[in-house]
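Undergrad: Sequence:
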Amino acid sequence: MINRLILCIAAGAFMSSNMPVHAQEDEIYYGSRAGMSLTTTGKSGIGTANAVIEVEHLPRNAKAFCVEYAQDNSMACVRRTLAEVQIKDKVTANCPARTWDVFGQEFVFLGRAVAADDIIADYVIRRVETDEVLDGSSASGYWQALGAFQALCPGIAD
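Under mature numbering (1 follows the signal peptide of the UniProt record, and there is no 0), read the sequence shown as residues -23 to -1, 1 to 135, first letter to last.
Keep in mind that the hints were calculated from the coordinates and are not lab data.
One or more of the hints may lead you astray.
[What the hints assert, rightly or not] Okay, derived cross-link-like pairs now, EDC-like style, lysine to aspartate or glutamate, Cα gap no bigger than 20 angstroms in a straight line:
#1 K20 / E45
#2 K20 / D66
#3 K65 / D135
#4 K67 / E45
[Claimed, not checked] Derived DEER-like restraints, expressed as beta-carbon distance ranges:
#5 R57 / D135: 34 to 40 angstroms
#6 G88 / S9: 22 to 28 angstroms
#7 A53 / E109: 32 to 38 angstroms
Backbone N, C-alpha and C define an ideal beta-carbon position, used for all residues, glycine too.
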């Protein structure tokens, strides 16, 4: 209990400093801008047909966005970001089928990409709704989709 209290106090001191706040390994990104991450609060069935990662948008996530992207170290920015970011609380996957859902968007993993002029990605990921192949750019959402898939279905796209 004391260790947790010390950790919380240390984290609070870190969060209030002017140092950049970086996303942790236990976070899922919801956007391509710096600090657009959610904290993992639970995992189940990782690597299976019923893989689930539960996430929550915490003040530390909002602080990371405010400091790293908005260049605003104020609590007003944190409160505003917490109020504005409305995202589903989980990402899911069917790993054997190589399909997954990231905040309501469905994707299919099609394997390693073949070198081409119109794609800069290592893997071929298709957005189901539009049948679009993500080109590897941050604007396409490639990195957020791939990061969620790698967390849900480790060992497939390493």
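Undergrad: Holds or violated: are the alpha carbons of K20 and D66 at most 20 angstroms from each other?
TA: The given pair, whose Cα atoms are some 12 angstroms apart, holds under the 20 angstroms limit.
Undergrad: I want to verify a distance hint. Is the separation of the beta carbons of G88 and S9 within 22 to 28 angstroms?
TA: Once the Cβ atoms are compared, 23 angstroms apart, the range 22 to 28 angstroms for S9 and G88 holds.
Undergrad: A53 and E109, beta-carbon distance inside 32 to 38 angstroms?
TA: About 37 angstroms separates the Cβ atoms of A53 and E109, which means 32 to 38 angstroms holds.
Undergrad: Starting from K65, check that the Cα of D135 is at most 20 angstroms away, please.
TA: Violated, at about 26 angstroms.
Undergrad: Using the C-beta atoms of R57 and D135, is the stated range 34 to 40 angstroms upheld?
TA: Given range 34 to 40 angstroms: holds, Cβ gap about 37 angstroms.
Undergrad: Straight-line Cα separation of K67 and E45 no greater than 20 angstroms?
TA: violated, 24 angstroms
Undergrad: Decide if the proposed pair is consistent with the structure: K20 and E45, CA atoms, cutoff 20 angstroms inclusive.
TA: violated, 27 angstroms
Hint violations for this structure: numbers 1, 3, 4, all remaining hints satisfied.
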